[in-house]
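Novice: One letter stands for each residue in the lines below.
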Amino acid sequence: MSDVLVDIRQLTAGFRSQGRTLGIVRGVDLTIERGEVLGIIGESGSGKTVTGLALLRLLPENAEVQAERMVFDGQDLLTLDDDGFGALRGARLAMIFQDPVASFNPAKRIGWHLHTIFTRADEAKARSVATPWRERARAILHDVGITRAEETIDLFPHQLSGGMLQRVLIALILALEPDLIVADEPTTNLDKLVERQVLRLFRDLQRRLSAAIVFITHDMATAASLCDRIAVMYAGQIVEIGRTRDVFEAPSHPYTQGLVRTSLALARGEGGRLAEIAGELPNPSQLPPGCLFEPRCDKAFGRCRVERPEPFPGRHGRAVRCFLAEMEQEPS
Amino acid sequence: MNSKFQIGAILRNRLALAGLAITVVVILAITLGAALMPHSEEDMDFVNLLMPPSLEHPFGTDAFGRDVLTRVLIGGRMSLMISLSAIALASVVGTMMGSLSAYHGGWTDAVLMRFSDLLFAFPSFVLALFLMVVLGFGTPNIILAIALVYLPIFARIARNMTMLIKEEPYVQAARLMGRRPLSIIVGEIIPNFSAPLLVQASIGVAFGIILEAGLSFIGLGVQPPTPSLGSIMADGREYFSRGPWVLTFSGLAISFALLGLNLLGDGIRDLTDPRLRERAAP
Amino acid sequence: MIGFGGGRFDRRQVFKGTGAAVALTALGGWPLPAVAADRVRAGITGYSVINTLDPGKATLIPEYYVLWGLYNGLLAFDEKMNVVSDLAEGFAAVDGGALEFKLRSGVKFHDGSVLSADDVKFSFERLLDEKFASPNRSKLAEVDRIEIVDPLTVRIHTKRAFAPLLTFLTNARTGTQILPHKAVKEMGDEKFGRTPIGTGPYRLQEWNANQGLVLAAHEGYFRGAPRLKTIEVPLITEESSGVTALLGGQIDLTSTAPFADVPQLEKNKAIKVLKQPGLNTRFISLNLRKAPFDDVHFRRAVSMAFQREAMVRAVLFGEGVVTNGVLPPALGPFHDPKPRDVTTFNAERARAELAKSKYKAKDQKFAVVTWGSGWWKRIAEVFVAQVNATLGTQLTVEVTDPNAAYARQKSGDFLASVWGWTGFVDADEYLYDILHSKGWRNFGGYSNPEADKLIEASSRELDVAKRAAICRQAEALVMEEAPVIACFCSNIHNLLSAKVDGFVQKPYGNYGDQFPMLTVA
Amino acid sequence: MSLSAVDRFLPAVFSGRRWALPPTLRYVFGRILGALLVLLIGAFIVFLTMKAAPGDPSLSALGEQAPPEAIAAFRLQHGLDQPVITQFASWLGQIAHGDFGNSLVVASGRPISNLILSRLPTTAFVGLYALTIAVLSSLVLGTVAAVWRGKMADMVATSIAVLGISMPDFFLAYMLILGLALGLGLFPSYGFVAPGDSLLGALHASFLPALAIAAPMAAVFARTLRAALLEVIRQPYVTTARSFGLSRAFTFLHFIFRNALIPYVTIVGLQVRYVLGGVVVIERIFGIPGIGSLMVDAAFGRDYPLVQACMVTFLAIVLLVNLLVDIACTGLDPRRSR
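Protein chains in written order, with my numbering: chain A, 744 to 1075; chain B, 311 to 592; chain C, 582 to 1102; chain D, 472 to 809.
Please keep in mind that the hints were generated in silico from the structure rather than gathered at the bench.
Each residue gets a CB set at the ideal place from its N, CA and C atoms; glycine is no exception.
Among the clues, some could well be false.
Okay, the calculated beta carbon distance ranges per label pair [as the list claims (entries may be wrong)]:
1) P368/B <-> K522/D: 55 to 61 Å
2) K941/C <-> P368/B: 39 to 45 Å
3) D934/A <-> P506/B: 34 to 40 Å
In isolation and in its complexed conformation, chain A is listed as follows (with noise of 0.2 Å):
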């Protein structure tokens, strides 16, 4: 068994509609270790989320995924059937939504749904727990740091605000212990304060089960302070891969230098919006014939207009999509 967790070949995700089917993940190749957090990182549409909803099977009927490798723990996730794939949701693998409000039953209680994960995990783990179910749910409200935790048990999700319900959602997904855990953006909802907490939960998270986490997110700063290594995403390709501190610090892909020169401005204090890459991702319906970043790229020549770079891999594991890495890789 090698610490390869997930191993994923030539993604793509779309949707059907009238007829047609619009592209939003289009050939994506991502490997996960054991253990590890990597972070995605693109703006909205960028197929960030439809990759993390693509890896649990959780897109909707009229979503169309194919792969030429879906792996995940040495199990073949292609020719799982959907009972199978069943099994291994909150078994193996989990995801934690951006919306936290959204993300509970609003007809039952909080307790109701740490009962309903106590009873799924038992199940999954083929074990049988004697604690009461109450206990159990006590203690891991108090993991994830509600203090008032016998009368959250009792309270709606409506009756929480959204900072305690992803801390809850975060309870559930540790009772789980899954191996791999898809987190799309959780902190976006959230204010500043109540997303360091949160974030922090995310780090005990991560140390208490050593699941590997992706991390969805669009914020370059939050994806760095959590993060090994971070994917950056554009139209549904990734652009750039890399160690966090790599990508951070020497950023490769024009859209990436964008994003860290934004990210780097909004922690100045200065207005993002003079650093913005001017632009809007390509209409999936009418992809430039090159490079998808081309229209919106300032370094952007010939080639580009003409030719669909491919990764270019470099070190630790660094890939860029970029004819300009390719040609500064060169000379070396």
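Position chains B, C and D against the provided structure of chain A, taking the given hints into account.
Specialist: Chains B, C and D alone, transformed into the frame defined by chain A:
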């Protein structure tokens, strides 16, 4: 993941399409078709009383030897006319009532909406029956009764929508510019919820046809010799065992027309209510 | 709560254990359409209201249907409409023009009391009492006083000779049925109407307003206890529902039948149809006080402008006969079968009469009032369509409800209205009430002194043949002026399930009086 | 311990900070008061409207042969010649004592309250029967249509639903009589068996009328359920449930269906108006002695006090059901209780 879905989507569209087709066929039938019929809906033929369906009379003849098909077509026109008038009346009055109520708030709101709630709390057919007894017989009274039954539905929609829209900046601006409330309501507010009104109206027309038929069926219908679908059915019920075709065909005709209207109503709602459209992306 | 649907029964009956089938039903089994042989379900169809079972207060046909089985009159009709004895064994004219009635001895009321002359005197005087305000008071209006000769002999003195008196003392739509003096006094009028006591073959056992009644056999009935112990009488508002109920086995007998269904039902072996032309008259009531019907030529024109035969076919599906006046064929010698020109369709003559009239056809746009959704409505439809076609008028139909139509008749707020009467047993009720200038059913305001004299004379003539001749003469005189437009007389029907026998139909539309005659196979 | 048991076990009892009862009660009381107010105003408007109606109850009450003296006596006895205001005042006074007065025409001289109380169970039985048929069939149709949305099953279920709405109930009633009663002889075409006498017999005898009333309702319910299920299926918490690997059945029952129940119950409650409306014609066709046929008889007979009482009864039933649905929805949807 599955390709059947798409077929389903088309099929669902097809249902709406079928609704449109049926409605068009029905409208053509009660206008052009009725005009082309060789028989008159009123001329009695005492030789051919209660004749079963034949080539000459596809739906048979009634107790007066009148061609049932012709009467169904003309009656359909009458029923539709009654229902359309009633719904038009209900939508105009109800919308104005709801909008004014929401716009002014306070006592106006309390009184108008309590009245609307009250109308709404009676079973629709019971209310219509009561109104017919009070108002007396005749087509204008049927229209009035159906309109009163349907009024609160429009009032509610209008009130809810106006509540939302009246806070919009452009409405506030119009108010600051000193425009009269009525002009603001008619010019700025109502046009902004014409879509749900339209959906409700299309459903209402079907509802009105059923209500008219029900009233006619228990003997509170339009005045003879003018036929309406309900009065033809009421006649047919009188001699159901002797000439079952009269009730059966007029009943099937009304069901066919309502099928079209309902499918069409569904289609319009799907088109205008974005929440019901299948989303292209999560 | 008692009901009358499939397999209905009342709980007491079950606990008594009569009939294994019924008992099984109670244990949750399927309702069985079969009934025990000692009961019959006789539906009153086409009606939903019975207000009172006090003959002195009764006005509605369904009330009579039931009370004919609860009471007896002094006299009764046989199936040929001959007056025969009932509570009176016989009668004779005594000197001074009075009628003397000998009562049967030992006749018992439902409460066990015995009938005596005092009960007769009380019943009639109660009817005559103005404070009691009986709707049937007119039947005895000519009675001067009632004399008790002995406990079983009564004399009725009239103010003057009054021919209809005997028919008015029958157990028909008369109100002159005999009540127990003591019981009525004890209960009071109001209560008596709800818990009636008579001498009839059945007594009231249960009564659910607007739903139906249950009658139980009167064991002390003077002709012997009836065979059928229980008669359920559900009120079935819709005539057509009555037919489906009979076909479905939920009832055994109906009081009427929808005209349209009769031919099919006659072919159905599971059902017996009894029918004959009934004692009724259907006409278009005209308001002679207003234009255009104040003009005799216009009335005649309209009367000759439509085919009554077509009307009978389209309205009654053939279940009736055209009439040339108000006296129906079932009145025997009183009816004149000879067709009259004025009540026979003739387009040319109709238009000729119209030409003589001071009114122009094209100006006539008034509505003919009718009601309901059934055959009353169809009369107006056929009438209006034909008259318009023949004369070029532009009459319309106005459908209201029976109540509003009647209110308008009484107040004179109409020009023409479909109208009719049913169940009248004496020619006087037709001629005097409808056509005499003082008749209270003369809504159109018709007045002809010559006719008035003839009608009055007819009621003084005790010889039937002579009286009938005067009546025919009066009718002929009146109809020439077409104060009402005679249309037809409809058949009366009873539907019986094949296993029920013994019902003898009489032209006035009898019902409850036949309950003791019924047998169930 | 099953999960639903847990859910039931969880409420208030153990926790300290509990406020649920007083506001909820206050809410319920408020609603009851509001309903009573509407009832009162409704009764008032019905009374005034009825007085404006044409026709004369004395004519129906006494029949066509009634002479003028009898009519005058009747009008005097029932105060019909008094001013409307006087009549209304005495009517209100009676109602305050739970007395609707006596019927004038339909059951002359009988207390209306008795009449209505004797009819109410019948209508309630047929209505609830119809409602049960409608709810059960719509649960199946709506769920099938939503789960297999866009597929053949959806097509079939949706088509049945649309057909159900498109067929007037009274026409359906006649077709049912023609086919199932007179044709195949499976059910009686007429009459009513009281459930107190024989429950099976009652269910059998009232099947056709209940079905005729239920069909259009079932269609509306099924469409509502389908739409609600489809709406809920798209909710993020359903995706969350799937991401937890919870079984399909569990997810459907506790996440999807449970939440779709809220709009569904609301619509079912609203449709009670429809049930009561349908009852009027259907009761008449099948000869069922319920409030509906009473109302029709009263209306045609111009039995003013009875029509008024029927209208007020109908109003009261609708208001009561609305109240119950409201409370049920508050129970179903914790977000409502605030």
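Novice: Please go over all the hints and tell whether each is borne out by the structure.
Specialist: To see whether the hints hold, each was checked on the structure:
Range check, P368/B to K522/D: about 49 Å between beta-carbon atoms, so the 55 to 61 Å window is missed. The supplied range of 39 to 45 Å is met by K941/C and P368/B, whose beta-carbon atoms lie about 41 Å from each other. Checked against the given bound of 34 to 40 Å, the beta carbons of D934/A and P506/B, roughly 36 Å apart, stay inside it.
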